[in-house]
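> All chains should be modelled from the sequences, with the hints used to inform the complete structure.
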Amino acid sequence: MPGVKEIRIKIASFKSTQKITKAMEMVAASKMRKAQDRMRASRPYAERIRRVIGHLRLANPDFRHPYLIEREPKAVGFIVISTDRGLAGGLNVNLFKATLNAMREWQDRGADVSMCLIGAKAVHFFRRLDLKILATVTHLGDRPHVADLIGTVKVMLDLYKEGKIDRLFLVHNVFVNTMTQRPEVTQLLPVVTEDEDKLQKLWDYIYEPSAADLLEGLLMRYIESQVYRGAVENVACEMAARMVAMKAATDNAGKLIEELQLIYNKARQAAITKEISEIVGGAAAIES
Amino acid sequence: MASTIHVDIVSAEGEIFSGEASMVFAPAVMGEIGIAPRHAPLLTTLKPGEVRVQTPAGEEHFFFVSGGALEIQPHVVTVLADTALRAHDLDEAAALQAKQRAEEALRARVDKIELAEAQAELARAVAQLRAIEKLRKLRRS
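Keeping their order, the protein sequence lines are chains A and B. Here the first sequence is numbered in our numbering, starting from 1 and rising by one per residue. Here the second sequence is numbered in our numbering, starting from 289 and rising by one per residue.
If you're looking for bench data, these hints aren't it; they were derived computationally from the structure. Where hints are given, some of them may not hold.
Stated by the list, open to error - Per the computed footprint, the stretches of chain A lying under chain B, defined by three or more beta-carbons under 8 Å from a beta-carbon of chain B, are:
id, segment
1, 36-44
2, 128-137
3, 142-154
4, 211-225
5, 252-263
Backbone N, C-alpha and C fix where the C-beta goes; we use that ideal spot for every residue, glycine too.
See below:
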C-alpha cells in the first residue's frame, strides 16, 4: 500500500496541473475569438484586391504578367504556416503530414521542392529532413502583421520570377469550427482568378504609372494578403486546438484525482483500522 | 443624379472606412488628386500620405496611408492601403533577413542537447505512465 502522504502529495500536484490546464483553456478561448475577428477583418481587402485585379485583366486581355501564366511545373515551392508553440493537440502534426504528402506527390513527378517556413514548429520539424529551406520567420505572436511576412513572401516571389519555381503553394490550417481544423494546400502562383463573367462591365482605365507596374504591385499585395490571412487563420486554429486539448487535459486530471482520492481514502481507512486493532489487541493482552 | 461617391478604405489587417463621400483626396504617386463623383476610371498607386474624405454632411475624415493602390470607378473609390511602409530596398532587406534566418535554423540542425532533452522527457513520461498503471492495479485489488 503506498503511503497516505505520498498519495496526498500526488493529488495536490495533479490539482495544480489541472489549474494550469484550465487557465490555458480559458486564455485560448478568448484569444481564439480575437483571432477570428481579425480573420474576418482581413476578408474585405482580399476580395477588393481580387476584384481590381480581375478588372485590370479584363481591361488588358493581351497583357500577361508572369504571375498569371501557367508553366510546366519542374520545381515547386511551399509556404508552410505552423504555430510557434505546442500543446495544441495534433494540429501541427496533421499539417506536416499534409505537407509531406503534397511534397511527395510533386517529388514523384520529378519536381524539385523548396520550402518557406512560418512558425517555430515548422522550422523544428522540417530542418530534420533534407530539404531546401529558403526562408523562415518565427515568433509572429498572436497578432501577425503583414510587415513581418513581406520578406519571406518576397523570397518565394523572386524565385518564381526568376523561373526557379513554377508553382507556389500555401499550406495552412483552415478553421472549420472550434472542434475541427483542417490542413489545406492552396495554390498561390500562378494566380487563379475568378470567372470573368462575374465581374462588372469593363472600363478603360487611366493608368498611373503603367498597367504593368500596377499589376505587379497589386499581385504582390494580393499574395501577401493571402499569406497574411493564412497566418491569422492559423492562429485561430491554434487557439481552438489548444482550447480543446487543454479541456481534455483538465478532464483527465479530474478523473485521475478522483481515482487517487478513492485510493487515498482506502489507505487512510486501512491505517486507522490497523491502529484500532493494534490498540484493541494490546488492551486484550493486558486484561487477560 | 447621385452627387456622392462610395468610398472603401481597406487594409490587409482590416476595414478602415466605408461610406459615402462628396469628395475624396488621395496622395497618388504623380501628385495629390481630388476625386469627385463620376470621376473617370483610374488606377494608380499611392505614396505615403493622407487620404481625406468629405462626407455629404460636411464632415471631413483623415486617414494616414503608408502607400497602396487606388481604384476609381464612376461611383466607387477603393483605397487598398498598405499597413507597412514599402520601398524596394526595404522589401529587399526583409527578404534577405528571412533567408538568413533559414540558414541559421539549418545550421543548428538537431544537436545532441536536444536529443538528450527528448530522451529525458520520454523517460519521465514512461515512468509516470508506469506509476499510474500501478495505482490503477492497486485500486482494483
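> None of the hints should be skipped; say for each whether it holds.
Going through the hints against the structure:
Given a C-beta distance limit of less than 8 Å, the hint that chain B covers the segment 36-44 of chain A holds, as 4 residues qualify and 3 suffice. Using a Cβ-Cβ cut-off of 8 Å, 6 residues of the segment 128-137 of chain A lie near chain B, which meets the minimum of three, so the contact claim holds. Coverage of a stretch by a chain is defined here by at least three residues with a beta carbon nearer than 8 Å to that chain's beta carbons; for the segment 142-154 of chain A and chain B the count is 7, and the condition holds. Three residues within the 8 Å Cβ limit are the bar, and the segment 211-225 of chain A against chain B gives 8, so the coverage statement holds.
Under a criterion of three residues with beta carbons nearer than 8 Å to beta carbons of chain B, the stated coverage of the segment 252-263 of chain A is upheld, 5 such residues being counted.
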